[in-house]
Amino acid sequence: MHHRVQDTQQSNSTYAYDNYSGCVIPGPLGWCAKIVGMHLASSPFTQRVEESVEFLSRTLTAAEERLGALSAGAVACAQHTRHLALGGKHVRALLVHVSADRPAGTPTPEADIAVAAAFDLLHCAFLIIDDIIDNDDVRRGNTTLHAMARDKAVSLHGVVPARDAEDYGRSVATLAGMAAQNYAFRLVLESGADPATTAHLLRLFSIATGASVAGEFMDVHHSLPNVHPDAHDIAITNRLKTSSYSFEAPLIAGQRLAGRSDHHLELATALGRDLGAAYQLADDLRDVYAPGAVTGKTQGSDLYQKRATALISFATTTDAWPEIERALDATEVDTQRIAQMLADCGALADAQASISAHLDHAHRTIDDLALSADATDVLHEVADTIVGSYSTFLP
Numbered sequence: 023m024h025h026r027v028q029d030t031q032q033s034n035s036t037y038a039y040d041n042y043s044g045c046v047i048p049g050p051l052g053w054c055a056k057i058v059g060m061h062l063a064s065s066p067f068t069q070r071v072e073e074s075v076e077f078l079s080r081t082l083t084a085a086e087e088r089l090g091a092l093s094a095g096a097v098a099c100a101q102h103t104r105h106l107a108l109g110g111k112h113v114r115a116l117l118v119h120v121s122a123d124r125p126a127g128t129p130t131p132e133a134d135i136a137v138a139a140a141f142d143l144l145h146c147a148f149l150i151i152d153d154i155i156d157n158d159d160v161r162r163g164n165t166t167l168h169a170m171a172r173d174k175a176v177s178l179h180g181v182v183p184a185r186d187a188e189d190y191g192r193s194v195a196t197l198a199g200m201a202a203q204n205y206a207f208r209l210v211l212e213s214g215a216d217p218a219t220t221a222h223l224l225r226l227f228s229i230a231t232g233a234s235v236a237g238e239f240m241d242v243h244h245s246l247p248n249v250h251p252d253a254h255d256i257a258i259t260n261r262l263k264t265s266s267y268s269f270e271a272p273l274i275a276g277q278r279l280a281g282r283s284d285h286h287l288e289l290a291t292a293l294g295r296d297l298g299a300a301y302q303l304a305d306d307l308r309d310v311y312a313p314g315a316v317t318g319k320t321q322g323s324d325l326y327q328k329r330a331t332a333l334i335s336f337a338t339t340t341d342a343w344p345e346i347e348r349a350l351d352a353t354e355v356d357t358q359r360i361a362q363m364l365a366d367c368g369a370l371a372d373a374q375a376s377i378s379a380h381l382d383h384a385h386r387t388i389d390d391l392a393l394s395a396d397a398t399d400v401l402h403e404v405a406d407t408i409v410g411s412y413s414t415f416l417p
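Residues are numbered in my numbering as their position in the sequence shown, beginning at 1, plus a constant of 22.
These are computed hints drawn from the structure, not numbers from a lab. Values in this document were obtained by computation on a predicted structure and should not be read as measured data. Hints should not be assumed to be uniformly reliable.
[Unchecked claim] Label pairs and their computed distance ranges (CB to CB):
#	residue 1	residue 2	range
1	D390	L416	25 to 33 Å
2	D356	D396	16 to 24 Å
3	P125	G232	28 to 36 Å
4	W343	G95	45 to 53 Å
5	A221	E347	43 to 51 Å
6	D356	V316	18 to 26 Å
7	A126	V249	20 to 28 Å
Note that the Cβ used here is the ideal one computed from N, Cα and C, for glycine as well.
Kindly produce the complete structure, drawing on both the sequences and the hints.
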């Protein structure tokens, strides 16, 4: 039996603004405050995640200095990458540490610290590339890397044709994303884990990265005018693009680092799959129903871009779909009206039911993992937080 805790903790995060890269980044415990509903301040895993964040900060700062010696023009992009990697919720790093489940009060192994940091950096790499693909200029309330580089091309170098500035920004961001991904692999390689574990982790990273790339391709392909993916296609896309590296791989990595059995690896995979599916569905709902001030992105961007989401796939099976499709194809997309139509036709309820089914299974798997009470509680809270991330904003 799992229990749920209401959030009463006040944020003690601080924020800093970097004039060079134009990013607002959280202070030491900023990541903890962002995980709504989770009492991580009292969790034994808080310090372990902080160690990974601090390790990543030191590592990327040193890389910036080396890069600056080669090209001063690259420093702003390196700083932007660092700030993006250090921001966010650090859920992937948390999952590594919780899954490894080291005894409370014991030092965190260096390998755990480095591998958890590597997942944060891998996530950063995918965010950079995702923003290029989606042509998003804002991420977490900050200018995205490709937009920052585009604007700096003009501000630092005078009159630059708009097309050239766009090409420069996208090119620089693509290189930054590739560099971040490469460095994430290096962190795993040099983590200090034993050779056999390192080999398993590198293979895990490679599989998760390849899966995410394949899923991103499918997502892009589904956006073509005459491509009509069904719910099964979208579910596969979401698992490849999101679940594989955000939930499955971090949980498996923690189990590997702790030397647990193949049975535990299978349970971690199943748990990651359910959490990832629920998270992606919740993300679809946040995009449509949560204000931009909460998500850090334009509300309804999936609707503007006609993205093939699970929420939309549920709507395609209803009698209301022809009207919804016309609204999506309109010159001026009325996102508020479409959001209400999705609720009225039952697509929203179907999405919520699917989220609940995945999370019910996730909660059972968490108990089957038989981790410590602290680790079990945190994983249950991670699952519950997925619901809390969107439910407040629904009609």
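Note to self: Given a hint of 20 to 28 Å, does the C-beta separation of A126 and V249 actually sit inside it?
What the structure shows: violated, 50 Å
Checklist line | Distance restraint evaluation - D356, V316, Cβ atoms, bounds 18 to 26 Å | finding: holds, 20 Å
Checklist line | D390 paired with L416, Cβ distance criterion 25 to 33 Å | finding: Cβ of D390 to Cβ of L416: about 31 Å, so the range 25 to 33 Å holds.
Next item on the list: Given the hint of 16 to 24 Å, check if D356 and D396 actually sit that far apart at their C-beta atoms.
Entry: violated, 47 Å
Checklist line | Outcome of range test on Cβ distance (W343, G95; 45 to 53 Å) | finding: About 50 Å separates the Cβ atoms of W343 and G95, which means 45 to 53 Å holds.
Notebook entry, point to check: P125 and G232, beta-carbon distance inside 28 to 36 Å?
Noted result: Since P125 and G232 have Cβ atoms about 34 Å apart, the given range 28 to 36 Å holds.
Margin query: Tell me if the beta carbons of A221 and E347 are separated by a distance inside 43 to 51 Å.
Written below: This hint holds: roughly 49 Å between Cβ atoms.
When the structure is compared with the earlier hints, violations turn up for hints 2, 7 and for no others.
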